[in-house]
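Engineer: Chain P is already provided as a structure; the job is to place chain V on it using the hints.
Heads up: the protein sequence lines correspond to chains P and V, in order.
Number 286 marks the last residue of the first sequence (my numbering); no jumps.
Number 335 marks the last residue of the second sequence (my numbering); no jumps.
FYI, nobody ran anything at the bench for these hints, they're computed from the structure.
One thing to keep in mind: the hints can contain errors.
The calculated DSSO-like cross-link candidates involving lysine-lysine, where the alpha carbons are at most 30 Å apart (straight line), are [unchecked claim]:
#1 V:Lys-253 with P:Lys-113
#2 P:Lys-134 with P:Lys-113
#3 V:Lys-333 with V:Lys-211
#4 V:Lys-51 with P:Lys-113
#5 V:Lys-205 with V:Lys-333
#6 P:Lys-134 with V:Lys-333
#7 V:Lys-211 with V:Lys-253
#8 V:Lys-205 with P:Lys-134
#9 P:Lys-37 with P:Lys-25
#10 V:Lys-211 with P:Lys-134
#11 P:Lys-224 with P:Lys-182
#12 P:Lys-172 with P:Lys-182
#13 P:Lys-182 with P:Lys-19
#14 V:Lys-333 with V:Lys-253
#15 V:Lys-205 with V:Lys-253
In silico contact screen, one side only, chain P against chain V (beta carbon under 8 Å); selected entries [said to hold, decoys possible]:
#16 Leu-112
#17 Thr-115
#18 Gly-137
#19 Arg-143
#20 Leu-144
Only a predicted model underlies this, so the values are computations on that prediction, with no experimental measurement involved.
All C-beta atoms in this analysis are idealised placements derived from N, C-alpha and C, irrespective of residue type, glycine included.
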Amino acid sequence: MPALGADMEAGTLVEWLFKPGDRVKSGDVIAVVETQKGAIEVEIFQDGVVSNILVSVGERVPVGTVLARIDVVEGAAPPVAEAVAVAAKPAPPTLAEAPPPRPAVARSGRRLKVTPAARRRAAALNLDLAAIVKGTGLEGSIRLDDVEAAASSAKPAPLPAKRGLDLSVMRKAIAAAMSRSKREIPHYYLTETVDLQAASSWIEHFNAEKPPIERILPAVLFLKAAALALRDQPQLNGAYENGAFVPIALKNLILSGVVARDSLFLLICRRSGDDGDSDRSRSVFL
Amino acid sequence: MNAPQANAAAARMTYREACKQALRQALSADPRVFLMGEDIGRYGGCYAVTKGLLEEFGEERIRDTPLSESAFVGAGVGAAMAGMRPIVEIMTVNFSLLALDQIVNNAVTIPHMSGGQFAIPLVIRMATGGGRRVAAQHSRSLEGWYAHIPGLRVLTPATIEDARFMLIGALADPNPVIIFEHVMLYNMEGDLAPDVTAVNIERAKVRRAGKDVSLITYGGSLFKALQAADSLASEGINAEVVDLRVLRPLDTKTILESVARTRRCVIIDEGWRSGSISAEIGMRIAEEAFFELDAPLRRVCARETPIPYAAHLEDACLPQPEAIVVAARELVKPS
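One chain only, chain P, in its complex shape (with noise of 0.2 Å):
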């Protein structure tokens, strides 16, 4: 389960592109996993064939957890990488609260002991019993006050997957975030007085003929300014990691703000083109 942003601890599967004995190429979108921002596609960065998948769709998995692993066809490499993983960058070290990693008892092939009236009400309560570390009856047995105490303690049973966001979620998520990025990140203001007479002009000229769907808004030339200025002056596009300056090549932009109560409106503007121009742009709303 690959990092697909800082904040993000954990994705639901929900949709597999391939299955096992399906080639794949680097570059290919071979899963789509949600988040607490949205679905958002998983990339491949190897080629090879599909030999395993370990997450099924629905599943709600750690960020570093493997996905499915690929046998690389040909090179040097190991026969068998776990190839999402790999690709996946380490979950950044992040501020909010952690949940504790989940002891993977009822997976890991070691039988649970747990009490029939214990088993009976954690499903009534959709209480997940892995999640319960410790059992207080005989020989370490998960009683009904162990299911009680791990009920009241207000942890919210684990997404049965459910398809779709959770939009208190979604708020929290955006917040930390903006707070981290305020806190961590150095912000610095300039300020600088620009003729847009030429550009307005273009977009007026541009947008004439064309049918509303097609016409673009001035903010989009300020979107392909910042992304010339990047591209021209990359020391402005990166960050700090351990002591050094470390860049980050210039992709996407992505515009987000909030424009409904509870919805969030990305603008991902692509590369496209040795040229640099971000020519096409596509919105997403959630």
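Structural biologist: For chain V alone, kept in the frame of chain P given last:
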């Protein structure tokens, strides 16, 4: 002269006296009732339950028999078939093995095989259990065996009240009934409430209400369980004590209701655990209350050995309150 003391205040008496009053009431109420058994007349019964009844009711109705359980139990079956209401005393359950054929093959089957033409309204009383330092051949608890037999009703009065009043119901039953009196209870004293004149012989009874664990038992072990419950209470464990009272037919409903309340259960049985009534109870709970359980089932039974003669060994062999406390505590507060 023998009517229950209806207007008196609570009467204090021994279990032995309660048994005797029950017999006296039955003899007085119905001329068809008579007693039969070894040493019950002139000697007054090996546990002195029938002492004085010979003088009171005469040789016709208080009959000493030869030392042949098969013969006098068989005679009881015949008398019952012929319309009498015999109450047969077998000294102890150990000797009843000599009469198994009469009980299991005859008394139980005749009503069934005669298509109901012959009822067998026979009551057999016998002492059971250990603790009296009388060694292996006199200390067994075999009531669980009898509870295996369809057609028998098996009663285990543990309280003064049940000792006093279960006999009335037993005599009214057209089928054979066995009453097991635990040897360690005869000297127990207790109060008989003046307003009680009858008890049912169908239902188990909760003798102490609790919420943390059910102690299910009967007969002589009831008081060990109650003692254990007191001890458990002092460490914050609230035990419920269920007195089965009737081993056959088992009152499964009361058992299941108790387990549904407490979700934990210790069964205490002076019989050996293998193939015992405690095994039957545990299995019924597993079958019908599995999803109520919040802990494994536990049993405290006699050690699987002939009951020893030596006092310390006999004590170690039989269920004791300490063992009940340990078993219950383990279910409620492990570690």
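Engineer: Take the hints in turn and mark each one as holding or not.
Structural biologist: Quick rundown of the hints versus the structure:
1. Under the criterion of a C-alpha separation no larger than 30 Å, the hint pairing V:Lys-253 with P:Lys-113 is consistent with the structure, at around 28 Å.
2. With a C-alpha separation of about 10 Å, the suggested pair P:Lys-134 and P:Lys-113 falls inside the 30 Å cut-off, and the hint holds.
3. This hinted pair checks out: V:Lys-333 and V:Lys-211 have alpha carbons roughly 14 Å apart, not beyond 30 Å.
4. Proximity of V:Lys-51 to P:Lys-113 is assessed by CA-CA distance (about 58 Å); at most 30 Å being required, the pair is judged violated.
5. Restraint check: the Cα-Cα separation between V:Lys-205 and V:Lys-333 comes to about 26 Å, which is no more than 30 Å; the hinted pair holds.
6. Proposed proximity of P:Lys-134 and V:Lys-333 is supported: the alpha carbons are some 15 Å apart, at most 30 Å.
7. Of the pairs offered as hints, the one joining V:Lys-211 and V:Lys-253 holds, with about 17 Å between alpha carbons and a cut-off of 30 Å not exceeded.
8. Restraint check for V:Lys-205 and P:Lys-134: not satisfied, since their Cα atoms lie roughly 37 Å apart, outside the 30 Å limit.
9. A distance of roughly 27 Å separates the Cα atoms of P:Lys-37 and P:Lys-25; the hinted pair therefore holds under the 30 Å criterion.
10. Between V:Lys-211 and P:Lys-134, the direct Cα distance comes to roughly 24 Å. Compliance with the 30 Å bound is thereby established for this hinted pair.
11. Note on P:Lys-224 and P:Lys-182: the hinted pairing holds, with a Cα-Cα distance of about 24 Å set against a maximum of 30 Å.
12. A threshold of 30 Å between alpha carbons decides the hint, and for P:Lys-172 with P:Lys-182 the separation of about 15 Å falls inside it, so the pair holds.
13. Taken as a hint, the P:Lys-182 and P:Lys-19 pair is broken in the structure, with Cα atoms around 42 Å apart against an allowance of 30 Å.
14. A C-alpha spacing of about 27 Å is found between V:Lys-333 and V:Lys-253, which places the hinted pair at or below 30 Å, so the restraint holds.
15. For the hint linking V:Lys-205 to V:Lys-253, the alpha-carbon distance of about 11 Å falls within 30 Å, and the restraint holds.
16. Interface restraint check: P:Leu-112 against chain V, minimum CB-CB distance 15 Å, threshold 8 Å, status violated.
17. At a threshold of 8 Å, the smallest CB-CB gap from P:Thr-115 to chain V is about 5 Å, leaving the interface hint in force.
18. The beta carbon of P:Gly-137 is positioned within 8 Å of a beta carbon in chain V (closest approach about 6 Å), and the interface hint is therefore held.
19. The restraint placing P:Arg-143 at the interface with chain V holds, with a minimum CB-CB distance near 5 Å, inside the 8 Å limit.
20. Contact between P:Leu-144 and chain V, as hinted, is supported at the beta carbon level, the nearest pair being about 5 Å apart and thus within 8 Å.
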